Each structure stands twice: as C-alpha cells, then as structure tokens.
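Number of protein chains: 2
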Amino acid sequence: MENELISTEKLEQLIIERKVKEIRNIFEVVPTIDIAEACDDFEDVSHLVFIFKFVKSEYTADLFTELSNDTKEKLIQTMSDSELANILESQFTDDLVDDLEDLPANLVTRVLRNVSKEKREVINKLLNYKENTAGSIMTTEFLVLLESLTADEAIRKIRREGKTKETIYTIFIIDSKRNLVGTLDLDDLIFAKADEIISDIMNRDYVTTTIGADQEEVANLIKRYDLNAIAVLNNENRLIGLITVDDIVDVIEQEATEDMTKMAGVAPLDNSYLETNVFRMALKCAPWLMVLLVLGTFSSMILSKFETTLSALPILVPFVTVLMDTGGNAGGQTTTLMVRGLAVQEFGPKDYFKILWKEMRVALVTGLMVCVFAALWFLFEMYVGIIGFDGADLNSGVPLVGGELFVARLSISLLVSGTLLLGILVAKFVGTSLPMLVAAFKKDPALISSPFVTTIVDVCSLLIYIGLATIVFNTILG
Amino acid sequence: MENELISTEKLEQLIIERKVKEIRNIFEVVPTIDIAEACDDFEDVSHLVFIFKFVKSEYTADLFTELSNDTKEKLIQTMSDSELANILESQFTDDLVDDLEDLPANLVTRVLRNVSKEKREVINKLLNYKENTAGSIMTTEFLVLLESLTADEAIRKIRREGKTKETIYTIFIIDSKRNLVGTLDLDDLIFAKADEIISDIMNRDYVTTTIGADQEEVANLIKRYDLNAIAVLNNENRLIGLITVDDIVDVIEQEATEDMTKMAGVAPLDNSYLETNVFRMALKCAPWLMVLLVLGTFSSMILSKFETTLSALPILVPFVTVLMDTGGNAGGQTTTLMVRGLAVQEFGPKDYFKILWKEMRVALVTGLMVCVFAALWFLFEMYVGIIGFDGADLNSGVPLVGGELFVARLSISLLVSGTLLLGILVAKFVGTSLPMLVAAFKKDPALISSPFVTTIVDVCSLLIYIGLATIVFNTILG
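For the record, the sequence lines run as chains H and L.
Take 1 as the starting number for the first sequence in our numbering and just add one per residue.
Take 1 as the starting number for the second sequence in our numbering and just add one per residue.
The following block holds chain H by itself, in its conformation from the complex:
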C-alpha cells in the first residue's frame, strides 16, 4: 500500500537469500510499477531473471511492461529463448508492440522469433500502423458478443473467454453478419435479468474511430463521450480493434507535453526527457534556435538601417528591449491560448473571426492598461535616473530644464508606451491568426511556437517604434 514497502536493497537481499515465498508475497501487496522501479536499479540483471523464474507469470507479465527500456534490453539479452517465450506469451499484444517500438532491431528479431505464430502476425500488423494513429495504440484482444444472446449466456461467454481480453468493461455487440451494432457496458449486463436479450440492453449510441485516426482525435472522442473504450474500424468499416481510456490517459499527457515543447521551440522528443541523451537533446534544441536567429536578422536589419536615427537619439535604444519583450510576451500569451483551445477542441479554425474579434478587444483593453502603466513607469525611470535623459538639444547640446524637459520626457514616454499598445495589438493579431491558419490547413497549430510569433512581432514593433519616432521628433524637435 505504501511505496516504502519495497526498495532495491531489500529486494536484492531477498533474492540473494533465495527467499522465494517472501518475494512472491511482495507481488501480492506492492503495486507492480513500484517493484519495477526497484528492479530497474539492480546491479545484476540475473537477480531479475530469478524473479521471472519464480514468480507467477500473471505478475511477471505486468512487471516486464513496467520495466525501463534499458532494463528490458538487458533482460532479453540475458534470458534463454524459452524463458523469453514464457514472458512474451503472457503479455497483451498492444503492450508488446509498445515495447518493441523502443527496442533495438536485433532484440526485436529475437522477441518475434519467440512468440507464437498467431501473435507474431498480429504484432507485425500493429507495428505497421503509423505512429500516433489509432492503429498503433489499439489492442486486438477485445470481446465480441452476438446481439441475440441472453444476458446469462453473455456472462457465461465472458467467463470463458474474457480473461485474455484487454477489457471486459466494454463489450462490442455484432449482428449475425458480424457488423458492429452496439456496445455493452459490463455493469448493464450485471444489472440485467438472466433472460434479457443483449440487443435490448446494449447502447446504440456508440461512437467509433478508424485505424488511421490521429491518437489525439481518439482521445478527444473518448473524453467527449466519456467512454471506457472505443471501437476501431478498418477502411471497410469492420471492427478490428479497441482502445481503452487508460491508454488515452497517456496519450493526453504525451500530446500536451509535445504541444508544450513544440511551442517552446523544442522538436518533439522520441523518448522521455531522461531517456534522451545529451547530443540528441541538443539536436532537438539547436535547429529552432538557428532558424529563429536567421529570422531575427530582420530586427537587426531595421536597427542597422536606422542607425542614424538611433545615434541621433540614443535615448531610443534602451527602450528597444522593453518593446521587444512586451510584444513577445503578449504574442506568446495569445499563441498559447489559441494552440491549447484548438488542441482541446474548444474552438476550431471556423471560429476564426469570432475569436479574432474577441482577442482584438482583449488586446485593446490589455494594451491600454499596459500603455497607461508604462507611460507613468517610463517617466518615473527618467526622473529617478534609471534611464538617463536630460533632453539635451540635438544641435547645441544644452540640457533642457523645467517644463521643456518635462515635455521632452513625456514625448519619449508616450512614444514608447504608444508603440507598446500598437505592438500588443499586432502581437495578439499574429498570435491568433497564425495558429488558426495552420489549423485550417489541418496541420498541428503547435508548430507555431511562441518564439516564432515573438520574432515576427519584434519586427513589427521595431518598425512601429522607428516610424513613430521619426514622425514625433520631426514634428516636435525638428
């Protein structure tokens, strides 16, 4: 019941002392994942072989699934063919396929050589479905019942055949032509009278998905319809698999992780963070940094082209960072809200104008708040001396004083905060439009990373800034 019930040391000790009974007892009272994590830290993989030899296969099948990839590899290399075959036969096919996807090719060959012919065929088929599709996460071990059975017959059939199935909580109901006609929840069956006919108690309002569907789509269906399991149909509309809600829990988490890292400009990891080595990690991070660096050239270009304006009015330079940061931050906020809203299907590309209208109003209110705050803050900065500006006359170099200095400082402050307001409007416009545009083309909106939006907004903010500066200072000072 408590994680502290098991530790690597304790387990190793029991194995060294050959205390088979105590080890078996641990499997009764400690969740398998906790035992697996203890086993992952074994110094000597032969300890693990010992466990697989002396513990019932109904436990070790789960244990194998929960081990880390490293440990699995070591274990397979150490075991004899017959020991391996033993473990493999007791595993669910979908778990086995997941394992195989992460193993090196030579071990995959060895595994495939050691499973029964039927299982091998199923595995090969499942391995061929594209990653992240319904086909790749479904199991083929599901239960079907004929709609003409009585509740009592159904229960007897489940008792006979259900043990090797992934779930018996959702049962698929077919007609005599083997077409899917409904689903049956086990609880409805339990509550039914013995002679009730399945077709009278099954759900006819079931939903299905297809093998090629994206796993995120499947997750959205299961969530929306609150399903325990969903039927997977092939292109001929035949029932070929099943996906359960607990597979989906992992998918939801994976997809969220993928969206988050993509949006931060990290290419999706093939494995978990800890299992990705340093060099591979760098390869996931560096390319986007380079792309963004090249895109950032436009900002540099603008600053370079307006070098004369900037050296004539060096006070403009310190505010460049604030403008860029705020624009980027505002863009990142909207981009994130859009990408997430699209991912959880709260809205779609068809809602673009509705959402844009909302975001532009949000941008205006946000922009005005920030603008007023910023105008006061910038004045404060200049008066306190955080940013030095005495408004010295451009030609004579004589510092301004009193009312004239105030006007000069106020102009600067209004110029920068006005740019902020416009920048926020641009940022929220770009942040709304780009993810929506990408989604409209059926691509993943998370491709639009926040840094990408930032880079675009930077360019716009700088252009607005220098444009406004030129107008203001030509009018006031010129």
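It is possible that some hints are incorrect.
What the hints assert, rightly or not - Subject to a maximum C-alpha distance of 20 Å in a straight line, what follows is the list of computed PhoX-like cross-link-like pairs (lysine-lysine):
1) H/K193 x L/K157
2) L/K165 x H/K193
3) L/K223 x H/K223
4) L/K163 x H/K193
5) H/K165 x L/K193
6) L/K284 x H/K358
7) H/K163 x L/K193
Hints are computed from structural coordinates only; laboratory data are not their basis.
Values in this document were obtained by computation on a predicted structure and should not be read as measured data.
On the provided structure of chain H, position chain L as indicated by the hints.
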C-alpha cells in the same frame, strides 16, 4: 452514431410537433453530449423543459450534466420546484456539486432546497472541500463489500445496490471493523467461482489518497498505477470517497492547460476560454505584462548606462535583438522541459544536480552549434550588407579595407556569437534552476513562466555582451 444525427433545428421541430416517441428514440441512438449541444442553441428554453418532462430520467440526468452553464441557469429559472427536484434526485452527487460550483448563489439555494435531506448534507460537505483537491472531485456514491462474502453473495449485493453508484468496476473491500483492506475489480469477481471468498480474490496492493491531496497528485497516482478508481481517505484514515479515471482525464487536461497558460504569463482562467469575457481576459493578461515590463527595466538600465560604448560602436546595437531573442528562446526551451518533467513526475527537485549536469552539457553542445552557425551567419550579414559595417576607424572615420576589414568583421562576429554561447549556458542554467527551486519549496514550478526566465537571461546576456565588447575593443581597437 454520427453527430449529424441531430441538429438544433430538427430537435426543435420535433418538440413543436410534440413527437414524443421520436424524441425518445433520439436519446436511444445519439450520445447525450451531442443532444446537449443541440439543446444549448434552443431559442426557447421551454423546449428544453418539454424534453425533461417526456424523456426518461435516466437520460435527462446525463443531459442536465452536459448542458452549458448558461442553459442550466435558464432551465433552473424556468422549471417548477417539483420538476427541478425530479432532475436533481437522479443526478450523481459529484456531478451536482460540479454544477453548483458554477451557478449563481440564488440558484444554488434553489437547487439545495429541492434535493433530499441526505443528498443536501453530502453536497454541503463536498462544496466545502477546497477547489482542486481530491475532496472536491470525489464522489461519495461508492460500493463497499465485506471481505468475508463469497463471490456469489458479492454479485447479488452489487445487483441490488450498484445501480446508484458511480462505478462498480472498482469495489472497496472492508473488514468487520469497516477498515479498508483491499479493492476488487469487477472482472476478477466475474471470473471467480461462486463460493470463492472475496478476501482471496481482492487486490491487497491498492493505493489510496486523502481528501486534501491536490487533484494533480491524484491524477499522477491513477496514471502511475493504471487505476480505474482510487479510494479517498479522510484524516482518520476512513474511506469517504472515490475518484474514477474519467474524472481524472479532465483533470489531466485542465492541469496541462493551466501549466501552459501560466508558463506563457497568463493567470489561470476560472472558466474556459470562451466563457471568460473580454475584460476578465485582459485582467488575466495585463498584470504579468506589467510585472515583466518593470523587470525589463534592468535591461534598459544596462543599455542606458553603456550609452557611450554603444554610440561609439553603433554596430553593437543591431545585434542586441538577436542576443536577447536567442537567450530567451534557449531559456524557454529548458524551462518548459523542466516544468513539464516536474509536472508529470518524471523527475523531482531531488534530481537537481543530475538534471543540471545534463542540461549544462546540452547547453554546451547546443551553444557550440548555434555559436559556429551564428559566427558564419553574422559574417555573411556584414559582407552582404544586411547589416552595414565598414569598420571605420573610430577616430579618423576612414573605412577599413581588405584584411583589416575582415579582422574587424570577424571580431564583431566572434564577439556576438561568443556572447550567444555564454547566453545559452546562462539561459539553460536559469531555466533548470528556477523551476526546480520553486518545486523544492512545494510550489507549482509553472509559476516560473518562460517570459520571466527570458527577462533574467536578457540582463545576463547584455552584461556579458557589453563586458566582452569592452574587453575586445580595448584590446584590439584601443
């Protein structure tokens, strides 16, 4: 089976024509959520009252849960007390509590007046649990069985009592003193022989949580142990509730959304995006922009203090944007990986040094790649004229040519790309350390938003940049 089976217009038509049989049939074949969405768009809420009057309560209870908050409010205002009481009695308490949390106070009072006394007591209790804790998402309608029953007796008891329970797929087993001693999966019960004793077939390796536990923690337990449902214990270790995996699916999604928006500097929304109005949305966005604006002052300060250096070497200015962007982007990458890894418990604060060591090596490899690429790119920019730099002598103003010009451009390029390398190291250091630090203090690491890290890294990058520039140009040009 298909969403197209139902539309608002069609449903309204049927209601106007009083076609009760057809309406009932729709509830047989169309998933409730689809019907609820069609009902949300009704012009006239009395149509909805008609449905609640003529469709079986086993369907309308679900329908009520799935309606939007707006529609629920309208409906409650329109219905008589007895109609309302009817709907409410058939609802699961946890759904009802969720509804009440979103309703205005006067309607809550009306709802509470119209449920049975026992239900009201339970609701009041549940409403008092802090939001986002196990207590606030659990249901109290769970099934307990005595460990001494036989399988057959257990099934009979389930048939008698199970219908009003949230789930019968996971059943809690108690001893004669009413202490929790195990859990029983319904499938194990189905497969058991009629006279087997529950205590022999139940799981003893169950996990539990407590009412005060954060819902994210509960989600992590359910995921880790692949549970259908988890027992919730009160402070005296007594079983008081149950949380099922489908409640957790929503939690996982909510928590991911919250983390993502927090990290983008948006305060967590109380409702969904679409249900949050423009002004409230602006209030979620503006504060962080202001805070970051104030923090950004440090960057402005640095640029302002080194005004003389920058006006002497205006070529340094255009690169400021690239330095800031790249540092911010690299920091955002690491921050996101850390926040996510901590959220899904792939690692914890105790792994800090291990992770930091990894990230610093990633930073070095990433930094070197970006640095080499950037050095070449900057040279290219200057030779192509994207960024104008003729290396004119500071005093005489005579442009450099040939080898001297190349050396000058190379120095600039190496200076900037060197700063990039150091900036990336700092960014990954800050991006690793801050979320870990926050997690170590048991606070939500997503509080460390990427923009926050960016702002810190900006300051460091600028200091490095101007520091290096001073050294390089004092040596080479000085």
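Hints versus structure:
no.	hint	verdict
1	H/K193 x L/K157	15 Å, holds
2	L/K165 x H/K193	19 Å, holds
3	L/K223 x H/K223	16 Å, holds
4	L/K163 x H/K193	14 Å, holds
5	H/K165 x L/K193	19 Å, holds
6	L/K284 x H/K358	14 Å, holds
7	H/K163 x L/K193	14 Å, holds
In this structure, none of the earlier numbered hints is contradicted; all agree with it.
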